[in-house]
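S.K.: So you can see what is in the structure, the chains are spelled out below.
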Amino acid sequence: MSLTQIKVGGFGGQGVILTGTILGKAGAIFDKKYAAMSRSYGPEARGGACSAQILVSDEPITYPYVIQPDYLVALSQEACERYAIDLAEGGAVLYEKELVNPSAAPKTARLLGIPCTRIAEELGSRVVLNMVMLGFFAQVCPAISADAIKEAIRITVPRKTIDVNILAFDHGYQFTNAQ
Amino acid sequence: MDGDSACCEGALAGGCRFVAGYPITPSTEVVELMARRLPKIGGLFIQMEDEIASSIAISGAAWAGAKTMTVTSGPGFSLMMEHIGYAVMTETPCVFVNVQRGGPSTGLPTLPGQQDMMQVRWGSHGDYEVIALAPNSPQECFDLTIQCFNFAEKYRLPVFLMMDECVGHMMEKVVIPPADEIELEPRRYTSQKPGEYYPYNDLENLVPKMIKAGDGYNVHITGLTHDHRGYPAMNAAAQQKLVERLVKKIRDAANDIIMVESDELDDADVIVVSYGISSRVASRAVRLARERGHKIGNLRLITVWPFPESLIEELSQRIKAFVVVEMNMGQIVREVQRCAGSRALTVGVLNAGGAVHKPEEILERILGVLS
Numbered sequence: 001m002s003l004t005q006i007k008v009g010g011f012g013g014q015g016v017i018l019t020g021t022i023l024g025k026a027g028a029i030f031d032k033k034y035a036a037m038s039r040s041y042g043p044e045a046r047g048g049a050c051s052a053q054i055l056v057s058d059e060p061i062t063y064p065y066v067i068q069p070d071y072l073v074a075l076s077q078e079a080c081e082r083y084a085i086d087l088a089e090g091g092a093v094l095y096e097k098e099l100v101n102p103s104a105a106p107k108t109a110r111l112l113g114i115p116c117t118r119i120a121e122e123l124g125s126r127v128v129l130n131m132v133m134l135g136f137f138a139q140v141c142p143a144i145s146a147d148a149i150k151e152a153i154r155i156t157v158p159r160k161t162i163d164v165n166i167l168a169f170d171h172g173y174q175f176t177n178a179q
Numbered sequence: 001m002d003g004d005s006a007c008c009e010g011a012l013a014g015g016c017r018f019v020a021g022y023p024i025t026p027s028t029e030v031v032e033l034m035a036r037r038l039p040k041i042g043g044l045f046i047q048m049e050d051e052i053a054s055s056i057a058i059s060g061a062a063w064a065g066a067k068t069m070t071v072t073s074g075p076g077f078s079l080m081m082e083h084i085g086y087a088v089m090t091e092t093p094c095v096f097v098n099v100q101r102g103g104p105s106t107g108l109p110t111l112p113g114q115q116d117m118m119q120v121r122w123g124s125h126g127d128y129e130v131i132a133l134a135p136n137s138p139q140e141c142f143d144l145t146i147q148c149f150n151f152a153e154k155y156r157l158p159v160f161l162m163m164d165e166c167v168g169h170m171m172e173k174v175v176i177p178p179a180d181e182i183e184l185e186p187r188r189y190t191s192q193k194p195g196e197y198y199p200y201n202d203l204e205n206l207v208p209k210m211i212k213a214g215d216g217y218n219v220h221i222t223g224l225t226h227d228h229r230g231y232p233a234m235n236a237a238a239q240q241k242l243v244e245r246l247v248k249k250i251r252d253a254a255n256d257i258i259m260v261e262s263d264e265l266d267d268a269d270v271i272v273v274s275y276g277i278s279s280r281v282a283s284r285a286v287r288l289a290r291e292r293g294h295k296i297g298n299l300r301l302i303t304v305w306p307f308p309e310s311l312i313e314e315l316s317q318r319i320k321a322f323v324v325v326e327m328n329m330g331q332i333v334r335e336v337q338r339c340a341g342s343r344a345l346t347v348g349v350l351n352a353g354g355a356v357h358k359p360e361e362i363l364e365r366i367l368g369v370l371s
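Line by line, the protein sequences give chains A and B. Note that our numbering has the first sequence beginning at 1, numbered continuously upward. Note that our numbering has the second sequence beginning at 1, numbered continuously upward.
FYI, nobody ran anything at the bench for these hints, they're computed from the structure. As the structure is a computational prediction, the values presented were derived from the model and not from experiment. Be careful, since some hints might not be right.
The calculated lysine to aspartate or glutamate pairs, modelled on DMTMM-like cross-linking and capped at a C-alpha distance of 20 angstroms, are [what the hints assert, rightly or not]:
#1 B:Lys320 / B:Glu264
#2 B:Lys241 / B:Asp256
#3 B:Lys173 / A:Asp31
#4 B:Lys249 / B:Glu181
#5 B:Lys295 / B:Asp266
#6 A:Lys107 / A:Glu121
#7 B:Lys295 / B:Glu360
#8 B:Lys173 / A:Glu59
#9 B:Lys173 / A:Asp147
#10 B:Lys241 / B:Asp202
#11 B:Lys358 / A:Asp86
#12 B:Lys173 / A:Asp86
#13 B:Lys212 / A:Glu151
#14 B:Lys212 / B:Glu185
Take the sequences, apply the hints, and build the full model.
M.R.: Structure (structure tokens):
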């Protein structure tokens with residue numbers, strides 16, 4: 001059974017849950033696998049810690065929670081410190097390079113940084129930082145196809161913003177300077 | 001989609017066209033979606049001033065002919081208790097959804113609990129039976145919401161979908177079948193004519209046939225103990241006759257209402273019993289225990305009320321122990337214990353809500369009763 005476990009963590013307002021939603025839709029609807037996504041968040045709308053956990057599998061998913069993430073997407077320092085310790089052997093940490101120091105990650109982890117907020121700002125819309133990260137994720141993770149993620153973005157974001165979201169995704173997908 | 005959205009879609013597919021509610025985390029998504037979806041298909045959503053009003057508005061709309069529902073979480077559910085009893089007493093078909101969060105009181109708005117399982121059974125005063133179903137996935141939030149509406153029509157009572165925050169906010173694929181493949185229980189109207197019809201006289205399997213306000217029937221609907229005409233009859237004989245029927249119509253139909261999912265019960269030494277999101281955690285523990293070579297059965301209650309008494313009784317005769325997993329300090333475990341008696345050991349893996357169990361905690365308990 002091929003099970004991929006993904007954790008996304010950051011602050012409310014960074015698009016953490018949306019990132020998880022899109023990954024789940026990509027896996028479940030467009031790659032035709034099974035996926036489950038759970039979220040956790042506090043009572044505040046913005047600024048509190050929030051996280052999403054996504055499982056993608058070729059078989060039906062019984063236990064719907066991440067035990068050891070194969071991929072950790074860290075948009076805040078707190079999320080990185082909190083979740084990196086559980087990372088699977090040889091797992092990858094994809095982190096917002098200008099906000100996160102990934103020193104909490106285990107030695108075997110692949111550390112992949114991207115300044116996704118700055119890239120998004122350069123595209124004229126800071127809120128698409130999560131789309132940049134999704135593009136970067138698609139580069140790294142073979143379990144969910146880039147095409148599926150793009151399709152999932154198209155059916156999820158507001159229609160008027162599809163272009164800028166896809167553009168942001170492409171910038172992340174083509175980002176080459178990961179350390 | 002998430003479980004909350006799936007519940008909304010299930011209600012619409014189940015024929016619901018009137019929802020009154022007051023938003024409360026973690027059930028808010030259901031009413032938000034209802035407010036958007038209902039007006040487009042000829043239905044009505046009303047945001048009421050509170051949960052007390054919501055819970056009586058749905059009874060009113062039911063008598064006007066609609067299939068109706070309200071949605072809430074713990075604190076709102078507490079406010080609805082009076083009108084749950086009213087719906088039981090007046091035999092009003094309606095659906096209550098409780099997306100459970102940690103309590104008591106305001107508790108944990110964004111975190112899960114399964115602490116309202118006894119409240120749903122006994123929360124309103126008086127003697128009665130209810131039907132309560134516990135979904136463990138967004139797909140079941142869809143399917144079982146339809147089932148709730150069908151049971152409500154068939155048995156004329158409030159039916160409860162007991163979700164929890166995890167199931168409500170979890171996203172998974174949900175398959176919505178074409179409308180013509182969904183079986184719906186129509187409202188059972190009387191064939192008697194105005195003048196010859198009495199509201200509680202025309203019975204089928206102890207369930208009276210209904211009328212709709214405005215169709216020319218002379219009806220009286222009251223929460224007071226009433227006779228076959230619906231008029232108050234406050235004496236012991238009328239009370240006995242009415243309450244006995246309210247209880248019996250559900251107890252007699254238990255086999256039709258009780259749904260469970262089971263796996264490897266036949267040669268089990270220990271059976272893990274769970275419901276709702278806890279069942280998905282329990283099933284991982286069961287797998288871990290089986291990998292160690294133990295004979296562990298898995299029993300998931302889809303219908304929690306009426307409780308599957310005879311099944312637990314029967315199983316208790318041939319196993320060593322039941323391990324009951326729930327996010328409360330011990331509610332359904334007591335039911336299992338009651339039915340198992342001294343024939344099998346019953347232990348709970350309990351917590352106060354806020355998070356699902358760790359599979360290892362459950363495994364430890366299973367291994368503990370085996371040793």
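S.K.: Work down the list of hints and note, for each, if the structure agrees.
M.R.: Now for the hints, and whether the structure bears them out:
1. B:Lys320 / B:Glu264: Within the cut-off at roughly 15 angstroms; holds.
2. B:Lys241 / B:Asp256: Not satisfied, since the Cα-Cα distance of roughly 23 angstroms exceeds 20 angstroms.
3. B:Lys173 / A:Asp31: Holds, because 12 angstroms separates the two Cα atoms, which is no more than 20 angstroms.
4. B:Lys249 / B:Glu181: violated, 28 angstroms
5. B:Lys295 / B:Asp266: Satisfied, since the Cα-Cα distance of roughly 9 angstroms is no more than 20 angstroms.
6. A:Lys107 / A:Glu121: violated, 32 angstroms
7. B:Lys295 / B:Glu360: Judged against 20 angstroms, a Cα distance of about 17 angstroms means the pair holds.
8. B:Lys173 / A:Glu59: Holds. B:Lys173 to A:Glu59 sits at ~13 angstroms (cutoff 20 angstroms).
9. B:Lys173 / A:Asp147: holds, 19 angstroms
10. B:Lys241 / B:Asp202: Judged against 20 angstroms, a Cα distance of about 15 angstroms means the pair holds.
11. B:Lys358 / A:Asp86: holds, 15 angstroms
12. B:Lys173 / A:Asp86: violated, 27 angstroms
13. B:Lys212 / A:Glu151: Since the Cα atoms of B:Lys212 and A:Glu151 sit roughly 48 angstroms apart, the hinted pair is violated (cutoff 20 angstroms).
14. B:Lys212 / B:Glu185: holds, 16 angstroms
Hint check: violations occur at hints 2, 4, 6, 12 and 13; the rest are consistent with the structure.
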